[in-house]
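Visitor: What follows is the residue order along each chain.
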Amino acid sequence: MDAPRPVPQSDAVIRPFWEACARHSLCFQQCAACGHRWLPASVVCPRCWAAGAEWRQARGEGSVFSFAVYHRAYHPAFEPLLPYIVAVIELAEGPRLVSNIVGSAPGEVRVGAPVRLEFLDIGDAALPVFRLAPQGA
Amino acid sequence: MSRAVIAGVGHTPLAARLERSAWALQAEAVRAAVADAGLTPSAVDGLITEPGYSQGVIEGVTPHFLRLGAMLGLNPRYTASEVIGGASSVAMVQRAAMAIGAGLCEVCVCVFGDAPSQAEGTWRYGRGDDAAFGLFGAPGLHALAAQRQMALYGTRPEHLGAVAVTMRHHASLTPHAQQRTPLTLDDYLASRYLVEPLRTLDCCLISDAAGAVVVTSAARARDLRHPAVRIAGFAQAHNLTSFAAADYLTELPARRCGPAAFQMAGVGPADIDVAELYDCFTIVVLMQLEDYGFCAKGEGGAFVAAGGLGLAGALPTNTAGGLLSEGFGGGMLHVIEAVRQLRGGCGARQVSDAEVALVSGHGLGMNTHATLILSRN
Ligand SMILES: [Zn+2]
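First to last, the sequence lines map onto chains A and B.
Counting from 1, position 62 in the first sequence corresponds to residue 62 in the numbering used here; the numbering is continuous, with no gaps.
Counting from 1, position 205 in the second sequence corresponds to residue 205 in the numbering used here; the numbering is continuous, with no gaps.
None of these hints come from the bench; they were simulated from the model.
Careful, some of the hints might be misleading.
Stated by the list, open to error - Reference listing, derived: stretches of chain A covered by chain B, where coverage requires no fewer than 3 residues with Cβ under 8 Å from a Cβ of chain B:
#1 2-15
#2 23-34
Said to hold, decoys possible - Over 10 Å on every C-beta distance to chain B, these chain A residues come out as not near it, computed from the model:
#3 R56
#4 G60
#5 A68
#6 E93
#7 P95
#8 D124
Glycine residues also receive a C-beta, built at the ideal position from the N, C-alpha and C atoms.
Take these sequences, add in the hints, and give me the full structure.
Guide: Structure, rendered in structure tokens:
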């Protein structure tokens with residue numbers, strides 16, 4: 001039996017993000033006062049400190065801000081996935097998040113490459129992961 | 001300009017395993033530093049500590065300074081613990097200088113020590129939700145930085161390798177260094193990836209070790225054992241927003257606190273004779289060379305490949321081997337080595353006519369940074 005992958009264990013501030021992911025919706029926060037958009041979730045707008053941020057659903061398009069290829073598993077769940085790709089994705093809407101690139105060999109990934117969102121179900125949770133967008137898309 | 005000085009330094013042996021608790025290592029370093037200053041325990045009226053990684057987990061309930069202070073029998077006039085990761089050691093010395101300057105205490109000991117061999121696994125903790133994606137610990141974050149710099153600036157594996165090779169050469173000239181086996185660029189390029197593009201040789205050592213320094217006033221230091229080393233300038237800058245910052249992964253807060261520290265000291269990058277740069281990973285050395293203004297953005301790799309970090313280079317750096325080869329001293333060993341270089345007498349690794357040194361601390365991924373400028377006069 002493979003070891004279970006670690007599940008997100010967030011506090012109440014970030015929990016709505018993961019609850020949306022479980023419904024296969026990737027959301028970021030947007031300031032009603034100044035329009036700023038961000039991740040991870042905050043209790044106020046990180047730019048103007050206004051309270052009352054709105055959750056908005058991302059289109060699911062973005063690009064690779066950077067990536068790293070793990071050749072060693074620091075947790076047994078990742079042993080069968082080696083080598084696996086951790087990436088920072090910049091969403092088309094602006095916010096950045098840590099994620100994985102799936103479906104590509106490490107040598108195919110480039111900084112700046114366009115990517116598309118999909119979800120990886122793990123138990124009751126779902127992780128937002130990304131796949132390289134088709135050429136010319 | 002601060003009126004504080006460093007009057008004493010001391011550290012334990014550095015090794016992968018010493019079979020002693022972090023407390024015992026810290027106490028030994030404190031004893032050595034106070035003795036080096038020519039002082040006795042009763043003179044110490046300030047204590048600043050860093051919990052380290054293993055103790056941060058195991059002893060997290062009791063403030064670190066409280067337990068260490070009790071074991072050392074101290075009832076100081078000033079105490080605190082710093083918890084800003086790899087920038088803590090430099091920050092401790094800064095805090096001591098401020099306490100001395102404000103008259104809160106007169107002889108302040110700053111100590112870092114850890115015994116990771118006695119706390120299996122605590123170095124592998126993930127950062128919150130990132131663990132769900134398999135982003136574990138410092139190597140992954142620094143690999144992301146290296147990848148982006150390779151894409152934006154043409155940083156090459158040979159540039160990273162030149163940092164590792166230079167640090168190892170300096171360690172080979174340092175009797176107390178943990179890893180002194182000679183290393184070539186071919187050895188580096190043949191080593192395996194850990195988190196690509198970083199290889200195992202891009203990562204610092206893990207050590208059981210402790211280091212301490214004694215900070216006091218210039219007046220108090222006048223009749224002590226060694227000529228005092230002046231704390232000429234210092235500053236901090238931090239990036240608490242991580243990936244949200246536009247330049248995260250390509251620029252360190254050093255770009256902001258470097259000029260402030262230079263200004264306080266009344267010097268510039270060209271005046272630095274010795275640099276002791278926090279080197280948890282090779283890529284961070286390149287970033288600091290650029291962000292402190294020792295070379296232009298994107299040119300750190302070429303600077304290092306041309307021998308810039310060597311003992312006779314443009315900027316002799318990590319003269320005892322740094323975290324990469326001297327051993328993991330949490331940044332306090334960087335402070336200690338700078339003091340030793342400014343005192344003179346470092347033997348084969350001594351930089352000639354070293355008068356001004358820069359010491360940096362970098363921590364918590366790429367979130368915290370602290371700069372110290374030390375002067376012989
Ligand atoms: Zn706002």
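Visitor: The structure should be examined with respect to each hint, and the outcome stated for every one.
Guide: Do the hints match the structure? See the list:
no. : hint  : result
1   : 2-15  : holds (count 7)
2   : 23-34 : violated (count 0)
3   : R56   : holds (16 Å)
4   : G60   : holds (17 Å)
5   : A68   : violated (4 Å)
6   : E93   : holds (13 Å)
7   : P95   : violated (7 Å)
8   : D124  : holds (13 Å)
The earlier numbered hints that this structure contradicts are 2, 5, 7.
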